[in-house]
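**Student:** Residue strings, one per chain:
Number of protein chains: 2
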Amino acid sequence: MRRSTYEFGSDVRIEETATIVGPREKDGPLGKYFDKDFRDDLLGQKSHEKAEIKMHVTLLRYLLNKSKHDQNDIDLCISGDLLDEIMGTCLTMREFDIPFMGAYNACATFAESLITAAMLISGGKFRRIISSTSSHFSTAERQYRYPLELGNQRTPLAQWTVTGAGATMLNDSLGTVALTSCTIGRVVDFGVTDSNDMGACMAPAASDTMQRHFEERGVDPDYYDLILTGDLGDAGSRLLKILMREKGTPIGDNYNDCGVLIFNRAAQDVGQGGSGAACSSTVFNGYVYKKMLRGEYKKVLLVPTGALCSKTSVLQGESIPGIAHAVSFEVI
Amino acid sequence: MRRSTYEFGSDVRIEETATIVGPREKDGPLGKYFDKDFRDDLLGQKSHEKAEIKMHVTLLRYLLNKSKHDQNDIDLCISGDLLDEIMGTCLTMREFDIPFMGAYNACATFAESLITAAMLISGGKFRRIISSTSSHFSTAERQYRYPLELGNQRTPLAQWTVTGAGATMLNDSLGTVALTSCTIGRVVDFGVTDSNDMGACMAPAASDTMQRHFEERGVDPDYYDLILTGDLGDAGSRLLKILMREKGTPIGDNYNDCGVLIFNRAAQDVGQGGSGAACSSTVFNGYVYKKMLRGEYKKVLLVPTGALCSKTSVLQGESIPGIAHAVSFEVI
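The listed protein sequences correspond, in order, to chains A and B. Read the first sequence against the numbering used here and you will find it ends at 332, with the numbers running on by one and no gaps. Read the second sequence against the numbering used here and you will find it ends at 664, with the numbers running on by one and no gaps.
Okay, chain A solo, but in the shape it has when bound:
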């Protein structure tokens, strides 16, 4: 039987991280953990797409400054977003003189990018790689559902796409948090067709990947101080708990979801919680990484989740399968 879990030991480490978020994320429970924020979600641009690009460019420049590296020190950027043709990232990379590979696994893109970067560094040919993702509430609504100008009512299971961007600089020697293992996900289809219910599309994929991760790594869920899915939201997280219990690997109090953590659902009118390619990248690079540096978490399993659909596929009646990749981190 093929395995899809890979171990890195302490060969791959986080050298630095950076995050930038919009007003709603800054005003949320994790606000103080983010490096940069802005109040005008257009960032002075003429469109939200251009704003998303400016946000991603600002993030990468800030990460280079913060880490005291120039572009030449970076071997590769592996980055993505949710726009058609990952346009935001492609036009972001126009501003940098760094080799670029575009990744797309919907809101699981951050995990895909981390896994590829870790594989490349552990392979010995790369020293330092940046993984980054961005998303923007206003571009995502237009991209996946309806233009905001239509004023559509939001459905009970809808989530709120995180406006922000997060980046991880991985390298082969510096840093006290290691990316220790990963499990690569496969596409899992439970036949959900409601593009407003992303949590239900993705929970089966999260369950599939987590089951295989625990089994192939030979650890129980309580091995980790924190298990964090990407953006299942509140309803989706509850679905995941049921699926995990049914399969005999219940997850307990050490489980949470980035989409649940980033907003205050009671006060912020965000439906089931946050979502988007930046949901896991801002929460991990802002909140989780800083907690790990302080020793408050020592072993973390991050499981970004993606719903694989487009406006066209939904209009053509296709189901929305999910994918999830798991990445573990440990303080060394």
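In case anyone wonders, no lab produced these hints; they're calculated from the structure. Among these hints, one or two may not hold up.
So the derived list for chain A, only partly shown, Cβ under 8 Å to chain B, looks like this [as the list claims (entries may be wrong)]:
(1) 2
(2) 72
(3) 76
(4) 84
(5) 86
(6) 87
(7) 90
(8) 97
(9) 99
(10) 105
(11) 112
(12) 123
(13) 186
(14) 308
(15) 310
Where a beta carbon is used, it is the ideal one built from N, C-alpha and C, also for glycine.
Given the coordinates of chain A, assemble chain B onto it according to the supplied hints.
**Tutor:** Chain B in isolation, oriented as in the chain A frame:
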């Protein structure tokens, strides 16, 4: 100075390839080299998007059969296409029980996918990976320009998106053609804004990557029997030759372009030639690989090229930067 060229020796080899094409590609000069073809470009489906999915699924099933492998023998698929949210590939992978990572670098996606696969295999953690891409004339026109139903006139510099899909099965030991090196491209922007003139958007990126490839590998262009860009088309290829000559590394008779080779421009009404994510993957996996097996080519440099734009970015007045990655193959 950072290098972006990496060597693999004979650690990464092509075990098998497969191709499937539509009627125009089958009727073109390379028709006899493709494994499978179909006459109805809807493949009996209700939409061209669904047809593109069926084509990609058929290709991967055929490759598994041809190579006498089952899904469990494949460690990973790294695949992509041109649809928003690479929807065709995501829904293709729904049919397989194989770990999946989605790649997107426009029409350079095939190169990105080959490079990632080669890195993962040479890193020692993977034995066998499939790289594949698809494109379809009718889905690409709707995606990037206008729905075909509008009957828009084609401009003189337009190209014809290849309807087809190509896949390479890479592994660590079997096969007589090795993937010997690669150069990862960066985003290059010459300010071109005409989404009908993809060749001009991509030629500067091809030139940038090829220059670095020759310099960092320490070889001249005539080291290779064949240098093949992905889909610059006729006008774009001529631009590339000028750029290469100006930079002091002229390319000669050993240079050609997959988009020029795949169609008979005089007879097939395809504008400047073929384009699309499947242009390089069908021509390489069909024509070039079979010529290499027969010893007619021994050293080949493949440089798939991508124009980084979306309908939205073009409508918002953004320029269209290009990217190109180079991958070399040698008979061992």
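**Student:** Once the shortest beta carbon distance from residue 72 of chain A to chain B is found, is it less than 8 Å?
**Tutor:** This hint holds: residue 72 of chain A lies near chain B, its Cβ roughly 5 Å from the closest one there, short of 8 Å.
**Student:** Mind checking the CB of residue 84 of chain A against every CB in chain B and telling me if the closest is under 8 Å?
**Tutor:** Holds, because the Cβ-Cβ distance from residue 84 of chain A to chain B comes to roughly 4 Å (cut-off 8 Å).
**Student:** Are residue 310 of chain A and chain B close enough, Cβ to Cβ, to be under 8 Å, as the hint says?
**Tutor:** Residue 310 of chain A check passes; min Cβ-Cβ to chain B is 4 Å, inside 8 Å.
**Student:** For the restraint on residue 105 of chain A, tell me whether the closest CB of chain B is nearer than 8 Å.
**Tutor:** Holds - the Cβ of residue 105 of chain A comes within 8 Å of chain B, reaching about 5 Å at its closest.
**Student:** Minimum Cβ distance from residue 186 of chain A to chain B below 8 Å?
**Tutor:** For residue 186 of chain A, the interface hint holds, since the closest Cβ of chain B sits about 5 Å away, which is under 8 Å.
**Student:** Restraint: residue 2 of chain A near chain B, CB-CB cut 8 Å. Satisfied or not?
**Tutor:** 5 Å, holds
**Student:** Tell me if residue 86 of chain A is really an interface residue toward chain B, meaning its C-beta lies closer than 8 Å to one of theirs.
**Tutor:** It holds, given that the least Cβ distance between residue 86 of chain A and chain B is near 5 Å, below 8 Å.
**Student:** Would the stated hint for residue 308 of chain A survive a check requiring a Cβ distance to chain B of less than 8 Å?
**Tutor:** With a closest approach of 4 Å, the residue 308 of chain A hint holds.
**Student:** Would the stated hint for residue 87 of chain A survive a check requiring a Cβ distance to chain B of less than 8 Å?
**Tutor:** 4 Å, holds
**Student:** Is the hint on residue 123 of chain A kept, meaning its closest Cβ partner in chain B is under 8 Å away?
**Tutor:** Holds, because the Cβ-Cβ distance from residue 123 of chain A to chain B comes to roughly 3 Å (cut-off 8 Å).
**Student:** Going by Cβ atoms only, is residue 90 of chain A closer than 8 Å to chain B?
**Tutor:** Holds - the Cβ of residue 90 of chain A comes within 8 Å of chain B, reaching about 4 Å at its closest.
**Student:** Does residue 76 of chain A hold up as a contact with chain B if the rule is Cβ-Cβ below 8 Å?
**Tutor:** At about 6 Å, which falls below the 8 Å cut-off, the nearest Cβ of chain B leaves the hint on residue 76 of chain A intact, so it holds.
The earlier numbered hints are all upheld by this structure, with none contradicted.
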